[in-house]
Each structure stands twice: as structure tokens, then as C-alpha cells.
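Trainee: Protein chains in written order, with my numbering: chain A, 329 to 679; chain B, 12 to 329.
Incorrect hints may have been included.
What the hints assert, rightly or not - Label pairs and their computed distance ranges (CB to CB): (1) A:R382 to B:A152: 39 to 47 Å; (2) A:R427 to B:A150: 15 to 23 Å; (3) A:R427 to B:A61: 53 to 61 Å; (4) A:P621 to B:A189: 57 to 65 Å; (5) B:A61 to A:P356: 28 to 36 Å; (6) B:L170 to A:R430: 32 to 40 Å.
As the list claims (entries may be wrong) - Computed list of chain B residues with no C-beta within reach of chain A, every gap over 10 Å: (7) D108; (8) F231; (9) P241.
If you are wondering where the hints come from, they were derived from the structure by calculation, not from laboratory data. Just so it is clear, the structure is predicted and the values come from calculations on it, not from any experiment. Just so you know, even glycine gets a beta-carbon here, dropped at the ideal spot from N, CA and C.
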Amino acid sequence: MTAAAVSRVDTTDAETLLELVDIVKRFPVRSGRRFGRPSEHVHALAGINLTVRRGETLGLVGESGCGKSTLARCITRLHDITSGTISFDGQDISALSRRRLRPLRRKMQMVFQDPYGSLNPRRRVGSIIGDPFANNGVASGEERKRRVQELMRLVGLSPEHYNRFPTEFSGGQRQRIGLARALALNPELVVCDEPVSALDVSIQAQIINLLAELQRKLGLTYLFIAHDLSVVRHVSDRIAVMYLGRIVEIAETEDLFTHPRHPYTQALLSAVPNPDPDQVDDGARIVLTGDVPSPVHPPTGCRFHPRCPRARERCRIDDPELTVGSEPDAVPTHAFACHYPIPDSEPGRTA
Amino acid sequence: MTSTPAVATITSGATPAAPAAIHGRGPWQLAWARLRRDKVAIGSAVVITAIVLLALFAPLIAHVLGHSPDTQFRTTGLTPDGIPVGPGSTFYFGTDDLGRDVFLRVIYGARISLLVGVVAAGLAVLVGVIVGLLAGYFAGAVDGVLSRLMDVVLSLPFLVFAIALVSLIGPSLLISVAVIAFFSWASVGRIIRGQVLSIREKEYIEASRLSGASDLRIMFVDILPNVLAPTIVYATMLIPLSIVFESTMSFLGIGVLPPTATWGNMLAESLPYYRVAWWFVAFPGLALLITTMAFNLLGDSVRDAFDPRGDQFRTTGR
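Work out the full structure: start from the sequences and follow the hints.
Mentor: Pasting the structure below:
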């Protein structure tokens, strides 16, 4: 995969906010040996190329363990990447020291998955939301309190709850607190790492609508990570599908749902439950055999080939690049990494 | 939970800035509420308070009684054969082999025991928490070095080193405190390190880092409050341990030296007389037993009070 492949995909003239080029992240696996170099690695991200445009919502889907959260933490530099380049707002941030990173952190914030683990149980809500102000010397004393309460109002919390502890809030309210903290310094990009997957379905809708409203009000850009396809479809302008540390397909939302080109995407989409009883079990569900291969020893060639119903000999040897289809009428915004893609004419499920 | 009014007062007392409106209860208030309902905790707190008051007002009591703990009553405090006299109206706990008032010596001994216990435990907790925070937070090489250091300290035989050290420098109150703290901090450090290792992986630590917090701020603002509960529990458990350590050292003559009264050196002096003067052994021994037991029981209760499952899993109807 090369940067050229990405720029071919990125044909629109919308301004690029975040650009990832060949992001690789490996975690050492500690084997029995205590000292010396670890002999094995988890290949969590194996060459991610991705562009996020200003003002859009990019959905990122994939099954558990495919590297979605690792990618989120690499983008926000909570993890150091092994190799590759992260450009934010035109600036290469992949190797910045923590001190140099601090001013940039204001522009890039994160909403976490676990509403219970992401708020310090020993601190009051006001002080949690005020943390970004305190750490960046932005506002102090009464001024900080006023701005924190403003933020609380913005995300739909009552400002009187300023002095409460996180334990006194429900999951949905806790996500609002996390959102308020993320928005404190007026970020441009908010990485949402499965922000609703731990919530009740009715609460999910509230939080998603809040996210959409805030995007309109504040002109935010979202990288929205989820494994719930219906949620992602609802919020995203574009969707990227990940499998085992790679992006296997990326397209505009409706295009992806109606015309998936990668067999993995097709299988993933077919697994979405259909609420219409007349259409249930029409035989369209594709059940993948086998488990996700170990990221310690990823398969050769195409990473999906051991489970792929369309795999042929070439897939075992040759690793496909993420490119636009070669057909003359191929959609220019639709890229996939497959040697034998599903023909564009074959419709996916419209559920 | 029924004791809401009481708790509400505590809350507003602890945080004056909080509005008086509705109050939820943080983990500290919950622990405090549990502790207040725990009869064993109240009982041991009363005993400890009594001992502290006796120790504090020992000079006043000596003044009222009209003699010091070192005064030797060769005529009234000893029988003509030189045997100590038993408990009575003049000497409540009897006298020792030199005709000194055992009661006064016991409450003067409490001063040393409490002082050494609290100061040594406090010092050990302070060092242990800092080392544990550093090792757990930075992990990697820092953890490697600090953890090995703790292993070394924990594997040193306490008595051998205490005796060797004191024979080099000479016994004193300060040395006792230093030696006891030196041999206790590592166990605190280990516990805190383990706690920090698990806390540093929490998402709220990542969130803090994202908001631009420095390492120091994360350690002391985000992590420390979360390890304070085990720290307090461990501190209350370390006090009796330090008191016993001090008594052991005094007993062996490597702690606080006579004529200053300590429970340890009183026990040592009483040994040849235990057949003829039981009170000489019994009262310092009982003082030691009651004090350490009260602290240990309080420590247990504090631990239970901080346990989030405390209410459901408490086996006895305390």
C-alpha cells in the first residue's frame, strides 16, 4: 500500500484534516523470557491509510480485535506508532514529544467507550470537566467554573450537578460528561471510540443525536468507531471497514451499504439483523467459517483469504492494495482491497 | 442506608464550597457511614482515644500522684526483702524491682510506643506510597529497579539488621523510628505499586493525558486519590506493627534505653521477677496487647468500611 493509492481515492476537494499514511503499530509479546528483545509481536495495525476531511463523520467498523481502538489511540498519540505518518491539519505529529504535542492535543480529543472507566471515580464532575482548562492554563477559579457549567449545559447536564461524583450518574449522563470534557478546549477532531456501545438502545439514540447536534453547532469532525453497523450507517458520511489491522474497504455510507465490493464487508453487512419479519431468513446471510486469525501470525497474502468464500490461489500470496475499482464506471470514492471483488452490479442488502 | 442526616453534615463540613442542596455520597462518606455503624470500630476507637489521652496527660497524672515515673520508693515501694509491692491504693499497678510506680511507667511507656508507632508508620507509608506510585506509574525500567530494591529490603532479616545497625550507631529514639520505617516501607510500596499498575490502564488516565496533564499531575491528582483507601488501611495496620517492633527492640536493649520507660524494656526488666511480682510483667504486657489489638481491629474495620461489597458480604451482625 502506498500513499499514491490513497491520493487516488481522495478525489474530492474537501479540506483534509487528518491524514494517516502507512500507520503500523506492533505490540511486543512478552514470552517466557524476562530480559532481552521480545521475539514476537502483535501486528495490531498493518499499514493504515486514511484521510479524514474537515467537518465529516468517518465511521470505522470492524469486529472486536481488528485494531479500531488501537488506531484511535495512535491517532490521538496515546500510543506511539511503530512507523508511518500522522498529519493533523497539515502538520506531521507522528514523532512530536509530549511537550510539543500539548498545544495540538487541544484540537484533537477523544470520547471513550466505557462510561464507567473513563471518569475518575474519586473526582467531582466539575473538576473532571475542568481538567483541560487546568492543564492548559486556560481558565481558573470562578471563570473555570462558569465555563464548565456552560459545557454541562451544552451537553444536556444540569450545571447544579457540578459537585457530584461520577457514581451518581447513569451511563448516558456519564457519556455526556466525557463529551463535555472532550469539548472543553474547542477541538476540531473528536475521536469517538464506540461512544454508545456500552449504553442502552434508547440512550444510544439520545447520545447520537447529541453528537450530531454538536457537530452542526461547533463544526466538529468525527472519527466514529463502532461495531454496530446500524449506528454507523446513521451517523457517518463515509465508512471504513477494518479487518485484522487493515482497512479493507472505504466508501460513502449508502454506496457501501448498497454495493459492498469486499467479501468481508458483504459478510459483515449480511449479519445486521433485519427488523422486517417478511424478509427474515431469505438466505442472504453469509456466515464466515473459522475465527479471526491471530494478529501475532497474520496470514500471508490477503489477510482475509483463509475465511473468504471468493479466495483463489493468488489471494494466498499477493496482498491486495486499497484502490478504486478498475472498471470504467467504478465509483471514484469507493476503494477496496480485494483481487476478486464482488461485481458492482450485484446489489448488497438494502436493509 | 438510614443515617442520611448525619452524613449530610459530614459532607458539608468536608467541602464548604458545596451547595447545601442535594448531596450524593462519595466513597469516603460511604466508608465513614459504615465505620460509624461498626461497633468494633467504635469500641477500638474509644480504647485508642483513652490510651492517647493517658499518654498525653501522663505528666499531669504524675503531678497529681506527686512523683515521677523514675522515682524509686526504696522504703514504701519495696518489701524489706527487696521484693516489689503489689497493686494497691498507693501504687495502682504495684511497683517494679527498683520500687518505681508501674502504673506511671506504663502510661509513660505509652508515649514512646504511640510516638514511635505513629511516626514510623507514617514515614513508612509516605516513602512506600511515593515509591509505589513511581514504580507503578512509570513501569518498565523504573519499576524494575524500585521493585528489586523493595525485594531486597523485604528479604533483610529485621532483627539481625536492627541489632547490627544499633550496635554501630548506638540506640536512640530516632534510630528506632528510622529502623522500623526502613523495614516497613517496602511492603506498603509493593501494595501501592500493584494498585497503581491496574489504575494506570484505566481510560480516565488516558483522558487525563489527552487533556494535557503532566506525569506528576496524573500521579497525584488522578491516581493518588484512588489508592488512598488501601493506604489508610495499611497505615492503621502498620501502627500496631511498629509498636510491636519498638517494644521488641526495647526488650532486647537496642531500642529506647532505661531509665526511660517503654513497654519493651519494662517487660525485659520484669522477667526475673515474674514468679514473685506478676503485676510487673502483666501490666506492660496487657498495655501492649490492648493497644495493638485496638489498632488492628480498627484497621480491619477501616478495611471493611472501604470495601464496596462490605454491606452485602459482612458475615457477622456487627
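Trainee: Flag every earlier hint the structure violates by its number, smallest first.
Mentor: As far as the earlier hints go, 5, 6 are violated by this structure, in ascending order.
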